[in-house]
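Following the hints, complete the assembly by docking chains B and C onto the known chain A.
So the chains spell out like this:
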Amino acid sequence: MSESAPTLTFTEAARAGLAEEMERDPSIFVVGEGIGPRGGNFNTTLGLFERFGPRRVRDTPIAERGFIGMCTGAAMVGARPVVDFMFLDFILDAFGELINQIAKIQYMSSGRIAMPMVLRGCIGIGGSAATHHSGNYYPFFAHQPGFRVVVPSTPHDAKGLLKTAIRSDDPVLFLEHRLLMATKGPVPTEEYLEPIGKAKVRTTGNDATVVTVGAMVQRTLDAVSPLSEDGLSIEVVDLVSISPLDIPTILESVSKTGRLLIVDEDYEPCGIGAEICARIVKEGFDFLDAPIARLNSAQAPIPYSPVLEKAIAPSKEDIASAVLDLLAQ
Amino acid sequence: MAIEIVMPRLGWTAEEGILKEWLLADGSKVEIGDALFAVEGDKAVEEITSLDPGILRIPKDAPVPGQSVPVGSLLAYILEEGEEMPAVPAQAGTAPEVPQATVTGETTPDASITGLQANRKERVAISPRARRLALAQGINWQGIQGSGRTGRVVERDIVALLRRQKLPVLSPVARRIAAEADLEVEALQEAFPGQRISAEQVRAFISEKKQDGSPRQVVAFTPTRKAIANHLSAGLARSAPVTLHMEIDATELVRLRDQLKADARQSVPSYNVLFLKVLAHALQDHTHLNAWVEEEALILVKAINIGIAVQTDRGLLVPVIHEVDKKNLNELQTEVGELVNEAATGTIHQSQLQEGTFTITNLGTWEVDAFTPIINSPQVGILGIGRIRPKPMVVDKESIVVRQALTLSLTFDHRALDGAPAASFLQRVKKLAEQPYLWLTS
Amino acid sequence: MRPPDALDFYRGMLQIRNTEGQLVRAYRNGEIMGACHTYNGQEAVAVGVCANLSPKDVVFSTHRGHGHALAKGVSADAVAAEMFGRATGTSNGRGGSMHLFAPEVGMMGTTGIVGPNILQATGAAYAFQLLEKEEVAVAFFGDGAVNNGAFHEGLNLATIWELPVIFVCENNLYATEIAFSYSAGNPEVANRADAYGLPGEAIDGNDVMKVWETAGQMIERARKGGGPSLLECKTYRTRAHAEGMPDVGYRSQEEVASWEQRDPIARHRAYLLAHGVATPKGLEELEAASLQAAIDAMEFARTSPWPDPATATKNVFAET
Chain A
8 MSESAPTLTF
18 TEAARAGLAE
28 EMERDPSIFV
38 VGEGIGPRGG
48 NFNTTLGLFE
58 RFGPRRVRDT
68 PIAERGFIGM
78 CTGAAMVGAR
88 PVVDFMFLDF
98 ILDAFGELIN
108 QIAKIQYMSS
118 GRIAMPMVLR
128 GCIGIGGSAA
138 THHSGNYYPF
148 FAHQPGFRVV
158 VPSTPHDAKG
168 LLKTAIRSDD
178 PVLFLEHRLL
188 MATKGPVPTE
198 EYLEPIGKAK
208 VRTTGNDATV
218 VTVGAMVQRT
228 LDAVSPLSED
238 GLSIEVVDLV
248 SISPLDIPTI
258 LESVSKTGRL
268 LIVDEDYEPC
278 GIGAEICARI
288 VKEGFDFLDA
298 PIARLNSAQA
308 PIPYSPVLEK
318 AIAPSKEDIA
328 SAVLDLLAQ
Chain B
46 MAIEIVMPRL
56 GWTAEEGILK
66 EWLLADGSKV
76 EIGDALFAVE
86 GDKAVEEITS
96 LDPGILRIPK
106 DAPVPGQSVP
116 VGSLLAYILE
126 EGEEMPAVPA
136 QAGTAPEVPQ
146 ATVTGETTPD
156 ASITGLQANR
166 KERVAISPRA
176 RRLALAQGIN
186 WQGIQGSGRT
196 GRVVERDIVA
206 LLRRQKLPVL
216 SPVARRIAAE
226 ADLEVEALQE
236 AFPGQRISAE
246 QVRAFISEKK
256 QDGSPRQVVA
266 FTPTRKAIAN
276 HLSAGLARSA
286 PVTLHMEIDA
296 TELVRLRDQL
306 KADARQSVPS
316 YNVLFLKVLA
326 HALQDHTHLN
336 AWVEEEALIL
346 VKAINIGIAV
356 QTDRGLLVPV
366 IHEVDKKNLN
376 ELQTEVGELV
386 NEAATGTIHQ
396 SQLQEGTFTI
406 TNLGTWEVDA
416 FTPIINSPQV
426 GILGIGRIRP
436 KPMVVDKESI
446 VVRQALTLSL
456 TFDHRALDGA
466 PAASFLQRVK
476 KLAEQPYLWL
486 TS
Chain C
115 MRPPDALDFY
125 RGMLQIRNTE
135 GQLVRAYRNG
145 EIMGACHTYN
155 GQEAVAVGVC
165 ANLSPKDVVF
175 STHRGHGHAL
185 AKGVSADAVA
195 AEMFGRATGT
205 SNGRGGSMHL
215 FAPEVGMMGT
225 TGIVGPNILQ
235 ATGAAYAFQL
245 LEKEEVAVAF
255 FGDGAVNNGA
265 FHEGLNLATI
275 WELPVIFVCE
285 NNLYATEIAF
295 SYSAGNPEVA
305 NRADAYGLPG
315 EAIDGNDVMK
325 VWETAGQMIE
335 RARKGGGPSL
345 LECKTYRTRA
355 HAEGMPDVGY
365 RSQEEVASWE
375 QRDPIARHRA
385 YLLAHGVATP
395 KGLEELEAAS
405 LQAAIDAMEF
415 ARTSPWPDPA
425 TATKNVFAET
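Protein chains in written order, with this note's numbering: chain A, 8 to 336; chain B, 46 to 487; chain C, 115 to 434.
Hints should not be assumed to be uniformly reliable.
[To be verified] For lysine-lysine, the following DSS-like pairs were computed, each having C-alpha atoms within a straight-line distance of at most 30 Å:
#1 LYS111/A to LYS247/C
#2 LYS306/B to LYS74/B
#3 LYS207/A to LYS263/A
#4 LYS289/A to LYS428/C
#5 LYS338/C to LYS324/C
#6 LYS428/C to LYS207/A
#7 LYS170/C to LYS205/A
#8 LYS476/B to LYS372/B
#9 LYS205/A to LYS191/A
#10 LYS111/A to LYS263/A
#11 LYS74/B to LYS395/C
#12 LYS475/B to LYS205/A
#13 LYS205/A to LYS263/A
#14 LYS428/C to LYS324/C
#15 LYS111/A to LYS317/A
#16 LYS395/C to LYS111/A
#17 LYS74/B to LYS263/A
#18 LYS338/C to LYS111/A
#19 LYS207/A to LYS442/B
[Unchecked claim] So these bits of chain A aren't anywhere near chain C, every CB distance computed over 12 Å:
#20 PRO13
#21 ARG31
#22 LEU53
#23 ASP66
#24 SER116
#25 ARG119
#26 PRO123
#27 PHE154
#28 ALA206
#29 ASP214
#30 SER262
#31 PRO276
Hints in this document: simulated from the structure, not taken from any laboratory. The structure presented is a predicted model; accordingly, all values stated were derived computationally and were not measured. Every residue, glycine too, gets a C-beta built ideally from N, C-alpha and C.
In isolation and in its complexed conformation, chain A is listed as follows (with noise of 0.2 Å):
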């Protein structure tokens, strides 16, 4: 990264890399509600109406399942759609299409119709958005054949990820915490493209290996830097992309400190921490010192009051104490 990139949010980040890749191919349209002159509700399309008009930016009905089968069509024929859905709970309604057709139609036509489409919107925890604004939901595509997930945690990662999922010929789910999307961080001005696929080692340890994604990174972070004080070097891996998950990145560093944390803000059972778990367990048996270990959240709706919301996520002390906890198995 060059020293003079500019520093941009998350959200300015991925717009960049929206405008850039639109400006670059006429088959890409984004459909979203209130994304049109509004710019959406996140700010994601701020402007682009003005620049590329109402068909290549879309505003639509509140019709979930509607504008995401249209868009699949869409991309059946040659176009590359983005659809903005705003927050993930809302294309639940959506299911169908999502696992029926989308994640399936390249199969089921022996792969001579693509499925060019990326899917982005609102996922996580925080802000008192209370149960039906809050879903992580990813396993659930992670589990299916034909979806790649990604889950940027960083300015830079949320360009470089959107540009290659829009280049992408296979459905990409494209997803932003709410908390990350303010967050600020260094953005370069030449053109680059993130891999889907790459979990990235965002700092080195020798005791213990905690595998995170999204917000839960930065959490993670401020949570074991204060254990350097005390002699503990904890590894810390973003996981960055759920489908494809990146094993072999956390199989070497489980190689190195025998240690295994996964922290992950969606649910446990059948989660991304299981997955890891049996495949850790399966290819790197050998190098584990102690049980591998996850922290979620609780398994309950997401609440509204702050204070219950707290209750539910794993907070910066519960993963120290998660990463103190495996040390001492």
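Just chains B and C now, kept in the frame of chain A:
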């Protein structure tokens, strides 16, 4: 042409149906759409209509009403006027064989697992990582009190045991060679007490044994050997040694020596002497490696006193060249020559074996490239020098040329400093060795 | 609109009828697995509509889609081979009856789910409008789909954006075995168009000339930027919902017989003879050739190789 009437499939998963009754008699004239027979399926009784016109003929050995009949079985024929029933079925009439797909390579469970079930009750809980280390080092973990939660034996317990028992630590290659030669670990332990045993040592041990004829030969330690052994094992037990390897391009060093050789007026310094000079410069910048580790402190020593490991008849000796940084190449060459001679003849003075702050050991003569030197306690570091040999190298990122390669092996005490500064020191040594003019002029 | 080749319509409908006839036999023999929903009785709709389409125009079909595939130009060989599960099928044996894809000729898939194809046709039309192409999209669906939310959302989206898409409802009176008169508060389809603000028309779906003409007008309007239309073709399927299912209990034999009297193929045959388009002998020759072609298609499928099991996990993603 005879048209076969078979038991149809009613529903996706139906494997058979009950032939309820014939709705037309054998020999009846049939039109398209006429009901031929009734079948009882899962849901209902259904009448099966004819898709063809002709004469219905039911063979004598056909299934009879009331019978459950597999889907696809022949029930009757539709024949043209005057046509004979076929003697054998025109076609098998059953669904074609679908090849068995084997997409994934999943196999049956390992048979050996069942054998392990018997051991379960007495099993000591041990982490996979600790178990791997224990197996590699031949440690029996039964009876160890593990420090993990629930008493599980974890990696640190095996490491501590290795330290406590001063068991020989075998390199993986050494362990394999020993195993292939049916050599007991205990035998090696006797031969090389308290030290890390290399593949070379195991090979030497095996060849000695072969020459000997008797299965074992006890060679009593000389006092020097004992002292060496004690010193080495003490150093190992007290330190936390880590070895770093780095390949360097020694072409310029070789050239320097060749040019000095070519000039008769010059004495030619050995590689050890050249490295004394290199180290003196590098240690000036990396003072943490020119030091001694005490119980809870690191003593940085001002003087740069470098020892050279010398193989003698009486064992390993390490004469020390004091204040290397204050001497030129000629002086060093002369002093090293004298000390090595005195060490070999046993006339070396005790003071010349003391106060070393760093050590060089050179196995290049024996064609060794990389190895894991043992720290000369209480020093912080020791530099192993391998052989110099021509090797293709990438130069300037694009061309491959033959250069003189040499591998350096730096063992340092992790208690005294971390990996990064040690590596940085090794990088400095590399640079000075690759570019001797950097220090020749100083 | 080019003048119709009425004989072509007859040939097209016969091909569907004969191919279905042979597929029924193959199903009984166990050579076809899974589901097999025949199109018998509805041939005039697929043939009449698709006669107005070029290979670049796209069709999104239903679970009862063999007729749409054949009318859109997919070979009977490829359709039969797909249903036999063979490597030579439209999707190399991975789709079967309900997943017949042939994008090369604009056949964008039959489907196992009722409704989504309405949305997909709308989306294809969106892409044509965005990319400024002249192509149109057609969604075929039955009366069962009309009560599904996809119908509501798709027709509304197509209307507000004036997309070049034709919604063709084949109202055959039953969704599986549930009568439309039972499941719909308003048992008419065409007049629902008013609710969304697009033109709608109900016609005799067993009259291939009428289907061709009406669909042609709607397609022409869409091509010229006039937006979507809803076409309700009143028709009837004369075989059971699916092969292997009893066709009893939900409709009377009299009802089936009365619709067989209105069989689109017999009607069109009479039309051809009455208008002197063909002679009885000429039609007989054509009929024999059509039957033989259907039999040959089965033989092609039967003798085709099975797919390589190693291909079972291919094409999940674009690069594989």
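Checked hints:
1. For the hint pairing LYS111/A with LYS247/C, the CA-to-CA distance comes to about 27 Å; that is within 30 Å, so the pair holds.
2. Distance hint between LYS306/B and LYS74/B is unfulfilled; the C-alpha atoms sit about 117 Å from each other, more than 30 Å.
3. Proposed proximity of LYS207/A and LYS263/A is supported: the alpha carbons are some 16 Å apart, at most 30 Å.
4. Pair hint LYS289/A plus LYS428/C holds up; C-alpha atoms about 25 Å apart against a cutoff of 30 Å.
5. Proximity of LYS338/C to LYS324/C is assessed by CA-CA distance (about 21 Å); at most 30 Å being required, the pair is judged to hold.
6. Taking the CA atoms of LYS428/C and LYS207/A, the gap is near 29 Å; set against the 30 Å cutoff, the hint holds.
7. For the given pair, LYS170/C sits about 39 Å from LYS205/A by alpha-carbon distance, which is inconsistent with the 30 Å threshold.
8. The straight-line distance between the Cα atoms of LYS476/B and LYS372/B is roughly 21 Å, inside the 30 Å bound, and the hint therefore holds.
9. Distance hint between LYS205/A and LYS191/A is fulfilled; the C-alpha atoms sit about 22 Å from each other, no more than 30 Å.
10. Of the supplied pair hints, the one linking LYS111/A and LYS263/A is violated, its CA atoms being roughly 39 Å apart against a limit of 30 Å.
11. For the hint pairing LYS74/B with LYS395/C, the CA-to-CA distance comes to about 27 Å; that is within 30 Å, so the pair holds.
12. A distance of roughly 34 Å separates the Cα atoms of LYS475/B and LYS205/A; the hinted pair therefore is violated under the 30 Å criterion.
13. With a CA separation close to 19 Å, the supplied pair LYS205/A and LYS263/A stays within the 30 Å bound.
14. Between the alpha carbons of LYS428/C and LYS324/C the distance comes to roughly 44 Å, so the proposed pair goes past 30 Å and is violated.
15. Of the pairs offered as hints, the one joining LYS111/A and LYS317/A is violated, with about 38 Å between alpha carbons and a cut-off of 30 Å exceeded.
16. For the suggested pair LYS395/C and LYS111/A, the alpha carbons sit about 48 Å apart, so the restraint of at most 30 Å is broken.
17. The hinted pair formed by LYS74/B and LYS263/A fails the criterion: a straight-line CA distance of about 83 Å is larger than 30 Å.
18. Using a Cα cut-off of 30 Å, the hinted pair LYS338/C and LYS111/A is violated, with the two alpha carbons roughly 33 Å apart.
19. Of the pairs offered as hints, the one joining LYS207/A and LYS442/B holds, with about 27 Å between alpha carbons and a cut-off of 30 Å not exceeded.
20. Annotated as non-interface, PRO13/A keeps its C-beta farther than 12 Å from every C-beta of chain C; the closest such distance is 32 Å.
21. For ARG31/A, the condition that its CB be more than 12 Å from all CB atoms of chain C holds, with the nearest at approximately 15 Å.
22. Residue placement check: LEU53/A keeps its beta carbon more than 12 Å from all beta carbons of chain C (closest about 22 Å).
23. For ASP66/A, the non-interface assignment is contradicted: its Cβ lies about 10 Å from the closest Cβ of chain C, within the 12 Å cut-off.
24. Once the 12 Å rule is applied to beta carbons, SER116/A is inconsistent with being away from chain C; the minimum gap is 4 Å.
25. With a least CB separation of 5 Å from chain C, ARG119/A falls inside the 12 Å interface cut-off, contrary to its annotation.
26. The non-interface label for PRO123/A is inconsistent with chain C: the shortest C-beta to C-beta separation is roughly 8 Å, within 12 Å.
27. The Cβ of PHE154/A does not lie farther than 12 Å from every Cβ of chain C; its closest approach is about 9 Å, which violates its non-interface assignment.
28. For ALA206/A, the condition that its CB be more than 12 Å from all CB atoms of chain C holds, with the nearest at approximately 19 Å.
29. No beta-carbon of chain C comes within 12 Å of the beta-carbon of ASP214/A; the shortest separation is about 37 Å.
30. The non-interface label for SER262/A is consistent with chain C: the shortest C-beta to C-beta separation is roughly 28 Å, beyond 12 Å.
31. Look at PRO276/A: its CB is around 25 Å from the nearest CB on chain C, clear of 12 Å, so calling it non-interface holds up.
Violated hints for the displayed structure, listed by number in ascending order: 2, 7, 10, 12, 14, 15, 16, 17, 18, 23, 24, 25, 26 and 27.
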